Each structure stands twice: as structure tokens, then as C-alpha cells.
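J.: Same order as they appear, the protein sequences are chains A and B.
According to the numbering used here, the first sequence is numbered sequentially starting from 2.
According to the numbering used here, the second sequence is numbered sequentially starting from 2.
I should point out that these hints are in silico values taken from the structure, not numbers from a laboratory.
Just so it is clear, the structure is predicted and the values come from calculations on it, not from any experiment.
Among the hints, a few may not be true.
No distinction is drawn between identical chains; accordingly, a pair holds when it is met within one copy or between any pair of copies.
[Stated by the list, open to error] Computed cross-link-like contacts, SDA-like style, restricted to lysine to any residue with a CA-CA straight-line distance of at most 20 angstroms:
1. K176 x V11
2. K28 x T158
3. K176 x F213
4. K30 x F212
5. K28 x P157
2 protein chains.
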Amino acid sequence: MKDDASKEIVTAAVLVIGDEILSGRTKDKNIGYIADVLVAVGIDLREVRVVPDIEAEIVAAVNALRARYDYLFTTGGIGPTHDDITAESVAKAFGVPIAVDPRARALLLTRIAEKDLNEARLRMARIPQGAELILNKISAAPGFNLGNVFVMAGIPTVMQGMLDEVLPTLRTGAKLESVTLDTGLREGDLGTPYGEIQKRHPDVMMGSYPFFNEKGFFTRLVLRARDATKLSVAQREVEAMVERLRTEKKIGA
Amino acid sequence: MKDDASKEIVTAAVLVIGDEILSGRTKDKNIGYIADVLVAVGIDLREVRVVPDIEAEIVAAVNALRARYDYLFTTGGIGPTHDDITAESVAKAFGVPIAVDPRARALLLTRIAEKDLNEARLRMARIPQGAELILNKISAAPGFNLGNVFVMAGIPTVMQGMLDEVLPTLRTGAKLESVTLDTGLREGDLGTPYGEIQKRHPDVMMGSYPFFNEKGFFTRLVLRARDATKLSVAQREVEAMVERLRTEKKIGA
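Could you build the full structure based on these sequences and the hints that come with them?
T.: Printed below as a string of C-alpha cells:
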């Protein structure tokens, strides 16, 4: 897609950290949630990676993704056990020291009695130097923001609360408008003319999503653009194409 | 984890291809499914990436992942529309030509009348040179296997059928045995001693998964190993630790 010079594009990646996703034990629910939220505020999610609880893997992925996109959101690995190594890994990726942060320790003490603030729980207060905390209203242990990286919990409800905290601080771009068209046609019936319309409308992202049910195979088309006028011009062409193909195929309305 | 020399490790990555996942429009169901299947047959899923329908992104991800892992499984982007560019991109990643494959065309003709085999549908028969087809019993359009890369559909039921076709052809490693222990404890209560047990048992992967419900925060521990004896030794130590901590916390059985 060519971008309008007048409309800023803000990009993001998500890094899911955790053996439990790769083993299938936990089914990720964060990728789709974050995707929905970012689309809604006008940030383009461009890449997702899932890596295991291995420091070198996390460091490499954090550095690759933070260099390439405006924002990087990580989920998982910020709890109190030995396999929670996200904060240490992010500190290493940035080349900064990490230590117990007095602000984070104070947050933990709002929910944990001082006598229970053992070595394991204090791991949750270890924050890389220079990071800002991300409040966690559910279980106190904070996430943090360092540079363009936002480190959040893996438990979906906790992550969602952290994302709410973070969103107002983000720079957002022009929102994508979208229209969805149910065609009643098979993908193979519309592929060629639809591709020709796409060529004439490079500023409109034209997707095609097949599905099937007991009546057969069908296609839903999704058109997305930052410019509402361009979107509606392309939409009219696609609707005319669908109408023509349905007439040829003798498919009723 | 240190590996037993006697037990082979076979690794894999998954590459999900599609704007619809990154926009949140479609929630991925393939990652978790493939993870479950690979664990069951003794293949370690080590990394997942999600990339958009952009050729350069697909080529780069295919080449990075196929070089690094024993197997790469891709999902999505093999339909008949202009945004289905996986086959072309994989051909480019391998530096081989791509053309309509007579075997694939014949498969399409088992489900599609010759008069309907238009330019768009013939895209689904375009297969990189040297690839083997992966049968698709649901909608005929095949996936393919080139080198260590398995290219499958994005629609979950179609992908699952293709994975069934592929599985018997894969080299598999020693299966991971696993045990799950519900502790009734919070992660912060067990983090330090659990980490010490992990240090003594490098061949056992010891994970910790917090969750919460209306009664508070709790932790489930998952121990995984390829050697059943090592697993059960570690398990007994962890069970003794949980028992001791529960006694100290005066938590009933």
C-alpha cells in the first residue's frame, strides 16, 4: 500500500514470551486482543513473534523488533519464578542495569505484607534502569516501559489492564476505515477481477477471506484504507464486480 | 535444558501468514493446534512468527526459520486471490521457479469443473519446482512440502487435514513426558525454592503458571522431561517442597 504523505503511519510488533504457548499448554489470547485494540486506535500491528523462556532468544527478538517498529509490546515472563526472565532480558537488550525499583517495591507492598515480600516476590520489583512503571490494578506487580518497549503480564486480564494504562501515552496514526462485503461467491470466481481492482487502488488494502459452511464455500471481502473517499470509490467498484459475477452465475440476491 | 545424547531433539517453527491475523479480524486458531500436535509426536515447537501478506516479509521469515529449525510449517495465503502470495514467496525464498503443476491441476479438477478452472483458481495449482504436494481432502487445493518447509492452508479445518497428511512423514524426537501439579500456593510463595530445584535438575523443564479465581491467586507447576526417571525424581522434590510450604502457610490439603 502507498501511504498518504499527510497521514502518519504508526507501527507495532508483539512479542509473546513463554514456553507454555509453544508447548500448546496455554492457548494465546493476547495476540488477537492487542491486534483489535491497536487497530481501533490507529496503530498498525506488523509482526508477532512467540519465543521460549530463553534469555538469548528474548534479547534477540526484543532488539530485532524494537529497531524495526515504532512500538513493541511484550507479554509474559514477569512473575516471581525462575522462568520469569523478561525484565532481565529486556535490560540486557538495552544494555542497562536492573535492580529492585523502590517504586515497584512500594506497589507490591500495597498488596503484599512486608513479611511475605520474599526474594521470589522481589523479583517482580526488579525493573531496568530508566524504565517507567505500568500500573497493574489486578495483582500489583507492575509492567514497565523502556524506550519504545512495553513489557506486560501474560495473564490476559492483567495484560488488558496494563494495555489500558499504556494506550493514552501512545502516538497513534490515521485510523483504518474498513468495509466488509459478503459476496455469496467462491474465491476462485472473483480472484482475477478482484485483483485487477486492487491494482487500480493501491491505497486500499483489499483482503479476501474464504470460509465454508454446510451450503458450500463462500468469500468475505474486507477493504481497508485511511482515506474514506478512496475506500468508498473502491467499494463501489467491488460491489459492481460482485453484482456482475452473481448475475453471470445466476445467484439470487 | 541439557539434552540427553541418546535422545534426539527435533525442532520446528510455525509461520502464520496473513494481514487478517495482524488486524485482529481473524483470531488465530492454528498456532495452539499445531503446538499440541507437535508436542504429542515429539517435535519441539521453538518459535512462531506472524507476518503480513508482503512478499519480502514472507521470504525473510521463511529463510530465517527454515535455516534455524528442523521443520517450518506455514499457514495461510495459498488461495486464489491476489493477496495469496505464499507459494510465490516460498519459491523466491528457495530461489526456484514456480509454475502450474500438472498434479495440482489434476487435484483441482477432481472438485472443479474444467470450465470453472479460471486464472484465479489456477493460482492454487502454482507450486514451486521440486515440491511434493500435501493433499487437501476438504477443498482439493493442495499444500506443498519443499525442503524442510510445509506450506498449509489458513482455514483451520483444512490446515488440520493437511497436518494429518504430513505427520507420518516427519522425523520425530523423544517425546516429552509431563506432570502437572496444582499447588494451592501463590507463585511468590514457591518461587525461590522451586528455582533451586530447577537448578539441580537441568534436564527437567520446570514451568510455573499463575492463575486467579474468586478465591485468590494460585499456581500450577508443569514439569517436562524426555527421561521418565529424571522427571519423577524432580517431581518428588517439588511435591515435598509444596507440602512443606503448605504446612508453613497452614493450608489444608
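J.: Against which earlier hints does the structure fall short, listed by number upward?
T.: Violated hint: only 3; rest satisfied.
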